[in-house]
Amino acid sequence: MKRIRFWGTRGSLPVSLTAAGVRQKLVAALRGASGRTFGSDGEIDDYLDGLGIEVSGTYGGHSPCVEIETGGADYVVCDLGSGLRPFGQAAIARHGPGSPQTYHIFVSHVHWDHIMGLPFFTPAYIPGNRVRFYGCHPWLESALRRQQDNPSFPVDFSYLRADIEFVQLEPGKRYDIAGMSVTAKLQRHAGDSYGYRFEGGGRAVVYTTDSEHKLTDPTETASIVEFFRDADVVIFDAMYSLAEATTVKADWGHSSNVVGVELCQLADVRHLCLFHHEPANDDEAISRVLAETKRLEEITRTREPMQVSAAYDGMEIEL
Amino acid sequence: MQFSSRQFADIVVATPIGRIDHSAASHLEQSLSPLVAQSAAGKTGVVLDFAGVDYISSVGLRVLMIAAKEMRGRGARIAVAALQPVVVEIFAISRFDRVLEVFPSVRDAVAEISTPALAAFDAAP
Numbered sequence: 007m008k009r010i011r012f013w014g015t016r017g018s019l020p021v022s023l024t025a026a027g028v029r030q031k032l033v034a035a036l037r038g039a040s041g042r043t044f045g046s047d048g049e050i051d052d053y054l055d056g057l058g059i060e061v062s063g064t065y066g067g068h069s070p071c072v073e074i075e076t077g078g079a080d081y082v083v084c085d086l087g088s089g090l091r092p093f094g095q096a097a098i099a100r101h102g103p104g105s106p107q108t109y110h111i112f113v114s115h116v117h118w119d120h121i122m123g124l125p126f127f128t129p130a131y132i133p134g135n136r137v138r139f140y141g142c143h144p145w146l147e148s149a150l151r152r153q154q155d156n157p158s159f160p161v162d163f164s165y166l167r168a169d170i171e172f173v174q175l176e177p178g179k180r181y182d183i184a185g186m187s188v189t190a191k192l193q194r195h196a197g198d199s200y201g202y203r204f205e206g207g208g209r210a211v212v213y214t215t216d217s218e219h220k221l222t223d224p225t226e227t228a229s230i231v232e233f234f235r236d237a238d239v240v241i242f243d244a245m246y247s248l249a250e251a252t253t254v255k256a257d258w259g260h261s262s263n264v265v266g267v268e269l270c271q272l273a274d275v276r277h278l279c280l281f282h283h284e285p286a287n288d289d290e291a292i293s294r295v296l297a298e299t300k301r302l303e304e305i306t307r308t309r310e311p312m313q314v315s316a317a318y319d320g321m322e323i324e325l
Numbered sequence: 002m003q004f005s006s007r008q009f010a011d012i013v014v015a016t017p018i019g020r021i022d023h024s025a026a027s028h029l030e031q032s033l034s035p036l037v038a039q040s041a042a043g044k045t046g047v048v049l050d051f052a053g054v055d056y057i058s059s060v061g062l063r064v065l066m067i068a069a070k071e072m073r074g075r076g077a078r079i080a081v082a083a084l085q086p087v088v089v090e091i092f093a094i095s096r097f098d099r100v101l102e103v104f105p106s107v108r109d110a111v112a113e114i115s116t117p118a119l120a121a122f123d124a125a126p
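Chains as they are written, first to last, in the working numbering: chain V, 7 to 325; chain H, 2 to 126.
Derived by calculation from the structure, the hints in this document are not laboratory data. The model shown is predicted, which means the values in this text are computed figures rather than measured ones. Some clues are possibly wrong.
Covered stretches of chain V (chain H as the covering partner; in silico rule of three or more C-beta atoms under 8 Å from a C-beta of chain H) [claimed, not checked]:
(1) 217–230
(2) 236–250
(3) 255–264
(4) 299–306
Under the rule of at most 20 Å between Cα atoms (straight-line distance), these lysine to aspartate or glutamate pairs were calculated in the DMTMM-like manner [what the hints assert, rightly or not]:
(5) Lys220/V / Glu284/V
(6) Lys300/V / Asp55/H
(7) Lys300/V / Asp238/V
(8) Lys8/V / Glu324/V
(9) Lys300/V / Glu284/V
(10) Lys300/V / Asp98/H
(11) Lys255/V / Glu71/H
(12) Lys255/V / Asp198/V
(13) Lys220/V / Glu71/H
(14) Lys44/H / Glu102/H
(15) Lys300/V / Glu90/H
(16) Lys31/V / Asp52/V
(17) Lys70/H / Asp257/V
(18) Lys255/V / Asp98/H
(19) Lys220/V / Glu30/H
(20) Lys191/V / Asp257/V
(21) Lys220/V / Asp22/H
(22) Lys70/H / Glu250/V
(23) Lys8/V / Glu205/V
(24) Lys300/V / Glu290/V
(25) Lys220/V / Asp257/V
(26) Lys191/V / Glu205/V
(27) Lys31/V / Asp51/V
Idealized CB from N, CA, C, for every residue including glycine.
Using the sequences and the hints, build the whole thing.
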């Protein structure tokens with residue numbers, strides 16, 4: 007595995023930066039630049055880089071879609087959120103529409119935010135492409151077909167002219183797919199969700215979203231820790247604060263940054279990546295959660311330091 | 002983790018000491034449970050003296066939340082006091098400082114909940 011590329015990082019519902027939000031960022035950037043002069047574009051870039059993403063950029067608003075670049079010819083993607091549309095456009099731009107490609111798509115579950123990008127995934131409409139959907143739910147195919155049924159969408163699933171196949175996986179079993187070893191794990195979420203552990207080229211990546219880790223059952227906790235064990239990166243559902251996940255949003259099927267740090271520390275993970283951001287959180291709020299999570303890792307650390315990041319649309323992690 | 006408690010009029014001050022990590026959280030739950038049941042029944046209060054707690058995990062915080070729910074549901078109160086700086090940060094990052102009553106000192110917590118208990122607390126050797 008070479009790198010991870012995030013196309014959609016928001017949970018539950020896509021969001022968009024508003025005009026007021028853009029203006030707020032411009033005001034902050036201009037205020038910070040007051041009295042400064044810039045001799046080159048490079049100096050402007052340096053200035054912007056120092057501002058933080060909450061001012062100079064945005065975490066973005068597409069719902070979950072994460073690409074794992076294996077180093078091979080095939081594409082590997084986790085989830086079909088709205089981020090799948092720009093992923094598909096980028097793949098076509100790279101190869102051209104007439105060059106058949108193979109796409110391996112792993113689906114955590116079929117809640118709307120994780121499948122809504124498929125009707126807009128252009129490569130699936132192009133004959134010659136191969137699209138393989140992997141999941142543990144027996145209703146994966148019917149859910150994707152139903153999404154494009156009348157009256158919900160004007161283009162029926164039958165218009166997807168790529169060579170499409172559904173592959174049902176068994177949790178806990180190792181599969182060799184796209185040159186990687188892949189294992190799925192059942193997670194606590196309404197209707198169940200599944201996390202995926204990918205291993206290849208001496209690297210391990212865990213994609214675990216829409217999963218409520220209560221950590222009250224030691225056996226269950228140990229099994230999650232083993233699933234995460236020594237991973238280079240864990241992409242972790244940190245949608246809520248621990249207080250929310252324990253009180254008003256208990257049993258809503260999501261975890262917190264605090265639990266992410268605890269599990270990844272127990273599993274000796276090298277990089278915790280916060281994911282599935284709450285749509286109500288603006289860029290400033292997500293940056294605050296990230297800063298606090300880094301601090302939590304620091305004050306509770308008992309072994310080697312662990313890197314902590316917050317995923318944003320367009321972010322890449324080199325493996 | 003060690004645990005002790007002391008009665009001051011209608012308030013119990015409970016004192017855990019050490020790390021409340023995943024393995025110690027069940028000990029906290031077992032130790033706290035009878036105090037919570039007793040205080041909830043009497044509609045009185047429990048103050049947790051955290052001066053000796055140097056770490057609390059998510060499972061430990063969950064134990065506090067379950068206790069708080071039981072207490073509040075029956076018209077009783079629970080408070081946490083005298084947090085060490087690291088634990089203050091854990092409460093803030095987890096947002097538990099927004100869902101539990103937190104006080105700088107045990108005396109402040111006792112004073113907030115019960116005047117008779119404050120008198121007993123101040124009179125104690």
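| query | Given the hint that Lys255/V pairs with Asp198/V, does the C-alpha gap stay at or below 20 Å? | reply | Holds, at about 17 Å.
| said: Taking 8 Å as the Cβ threshold, is the statement that the segment 299–306 of chain V is covered by chain H upheld or broken by the three-residue rule? | reply: It holds, with 5 qualifying residues against the three required.
| Under the criterion that the straight-line Cα-Cα distance not exceed 20 Å, is the pair Lys300/V, Asp98/H satisfied? | Distance of about 19 Å is within 20 Å: holds.
| query | Keeping to a limit of 20 Å between CA atoms, is the pair of Lys220/V and Asp257/V held or broken? | reply | Holds, because 9 Å separates the two Cα atoms, which is no more than 20 Å.
| task | Would you check the hint for Lys220/V and Asp22/H, treating anything up to 20 Å between C-alpha atoms as holding? | result | 14 Å, holds
| request: Below or equal to 20 Å on CA atoms is what counts here, so check Lys191/V against Asp257/V. | output: 19 Å, holds
| For the pair supplied as a hint, Lys31/V and Asp52/V, is the alpha-carbon distance within the 20 Å limit? | 17 Å, holds
| message | Checking one constraint from the list: CA of Lys220/V to CA of Glu30/H, max 20 Å. Satisfied? | response | 15 Å, holds
| Would the pair Lys300/V and Glu290/V pass a check requiring their Cα atoms to be no farther apart than 20 Å? | Measuring from Cα to Cα gives roughly 15 Å; hence the hint holds.
| message | Against the 20 Å threshold, does the CA-CA distance of Lys191/V and Glu205/V hold or violate the hint? | response | Holds, because 14 Å separates the two Cα atoms, which is no more than 20 Å.
| Is Lys255/V close enough to Glu71/H, meaning Cα to Cα at most 20 Å? | 18 Å, holds
| CA of Lys300/V to CA of Glu90/H, is that 20 Å or under? | 12 Å, holds
When the structure is compared with the earlier hints, no violation turns up for any of them.
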